[in-house]
Amino acid sequence: MAQLAREEHEGARPVVENGSGIGRRGVAILAAWTLVAMLFAGQAWFAAQVRGEPLAWARASVIWLVWAAVWAALTPIALRLEARFPLQRPRFLGALAVHGVASAACALVNLALFALAAPVIGATHAEPTWLGTFSRLLGTTLLLNLPVYWLIVAAAHVERLVRNAREKDRRQLRLEAQLADARLQTLRTQLQPHFLFNALNTISVLMHENVDSADRILLQLSALLRRSLDSTDAHEVTLGEEIGFLENYLEIEQARFGGRLSYRVLIPDHVLEARVPNLILQPLVENALRHGLATRAGPGHVEIKADRQGDSLLLCVVDDGRGLPPATTERVGLANTRARLRLLYADRQRFDVRNSADGGVIAEIELPWRTGPMTITGP
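Okay, so the sequence shown: first residue is 1 according to my numbering, each after it adds one.
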């Protein structure tokens with residue numbers, strides 16, 4: 001039955017023109033029900049031999065094959081109903097009611113069709129009329145047929161749980177790969193020769209003008225590189241940790257740009273404990289500096305904001321640069337950010353990059369509010 005469930009779920013994919021997907025599913029259903037029919041026929045034949053009653057193997061096989069054939073025809077319906085009304089929260093009671101009605105309907109259809117074929121196949125105790133046979137079967141075997149539908153639904157439900165567990169494992173592996181890629185992207189941004197050259201050149205100049213400032217920038221550069229090379233495997237950190245890393249980065253850039261760069265961090269203390277993806281804000285700020293401030297002659301300003309809105313955390317990076325040109329292709333850093341958010345939070349997140357009405361760009365991320373460890377969401 002689990003194989004039938006798997007085939008039915010796979011049937012939701014596009015079917016090729018030669019109908020091979022439908023053919024495989026149909027063969028799986030027929031094979032499974034043929035096996036069930038043969039097992040029941042063997043049990044009925046053996047029981048008859050023990051009781052000393054005459055029952056030919058062929059007759060027992062035909063009777064049970066007819067019964068199984070009707071259930072084979074009903075199986076795709078049961079599987080589609082299970083896919084449409086899964087037995088899980090928050091609609092468990094509604095799905096239970098749907099399947100309760102469906103199980104009774106499928107059992108009645110099975111008995112009605114079997115009663116039609118009973119005189120032809122020589123079924124035991126067949127009545128002269130269809131109504132008589134159906135009434136007799138209704139009183140003797142209805143309760144035996146009801147669990148058959150539930151067994152099909154249970155097999156599909158178990159298969160769904162197994163499939164979701166496997167998908168969660170695959171998503172975990174993809175998350176680890178995405179986090180490693182995010183680290184590499186950050187290192188690539190911060191350790192590329194021109195960045196180090198500019199930072200060290202700034203320190204060199206400050207050494208002759210303001211030794212304390214040069215020392216402070218050197219310490220910030222050290223902290224920045226140490227954080228970038230940190231081997232932690234955490235998918236999430238607190239917003240306070242993320243902002244600490246970001247401020248080191250911005251102060252180095254501010255020393256390099258001089259009076260051309262100003263920034264503000266507008267984040268209430270009560271949201272600093274919120275969990276956010278590791279290294280999620282730096283690509284947004286780096287994008288604002290490289291493609292906003294660096295392209296304009298005058299001074300530029302960047303703001304980093306965060307606040308709680310109900311059950312969500314809203315993160316925002318705003319610059320006053322030239323804005324996004326028409327038909328802009330999303331850069332690697334932003335594409336990575338979008339992919340990581342989708343993997344971490346599925347459809348419970350939002351990432352939007354747009355031009356501001358006052359000029360510049362607004363990059364906005366909405367996440368589920370949480371202060372505890374992350375649990376990977378399901379598909």
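I should point out that these hints are in silico values taken from the structure, not numbers from a laboratory. By construction, the Cβ of each residue, glycine as well, lies at the ideal position given by its N, Cα and C atoms. Incorrect hints may appear among the rest.
[Claimed, not checked] The following label-pair restraints were derived from C-beta to C-beta distances: (1) 216 / 177: 46 to 54 Å; (2) 305 / 197: 57 to 65 Å; (3) 80 / 51: 36 to 44 Å; (4) 51 / 138: 19 to 27 Å; (5) 120 / 162: 35 to 43 Å; (6) 98 / 165: 53 to 61 Å; (7) 170 / 262: 42 to 50 Å; (8) 122 / 170: 26 to 34 Å; (9) 222 / 94: 54 to 62 Å; (10) 325 / 80: 27 to 35 Å; (11) 143 / 121: 18 to 26 Å; (12) 57 / 177: 26 to 34 Å; (13) 165 / 138: 35 to 43 Å.
Results for each hint:
1. 216 / 177: 46 to 54 Å: Hint violated: Cβ distance 36 Å, outside 46 to 54 Å.
2. 305 / 197: 57 to 65 Å: Once the Cβ atoms are compared, 32 Å apart, the range 57 to 65 Å for residue 197 and residue 305 is violated.
3. 80 / 51: 36 to 44 Å: 41 Å, holds
4. 51 / 138: 19 to 27 Å: 25 Å, holds
5. 120 / 162: 35 to 43 Å: 41 Å, holds
6. 98 / 165: 53 to 61 Å: 25 Å, violated
7. 170 / 262: 42 to 50 Å: Holds, at about 44 Å.
8. 122 / 170: 26 to 34 Å: 53 Å, violated
9. 222 / 94: 54 to 62 Å: 59 Å, holds
10. 325 / 80: 27 to 35 Å: Since the Cβ atoms of residue 325 and residue 80 sit about 48 Å apart, the hinted range of 27 to 35 Å is violated.
11. 143 / 121: 18 to 26 Å: 23 Å, holds
12. 57 / 177: 26 to 34 Å: 58 Å, violated
13. 165 / 138: 35 to 43 Å: 41 Å, holds
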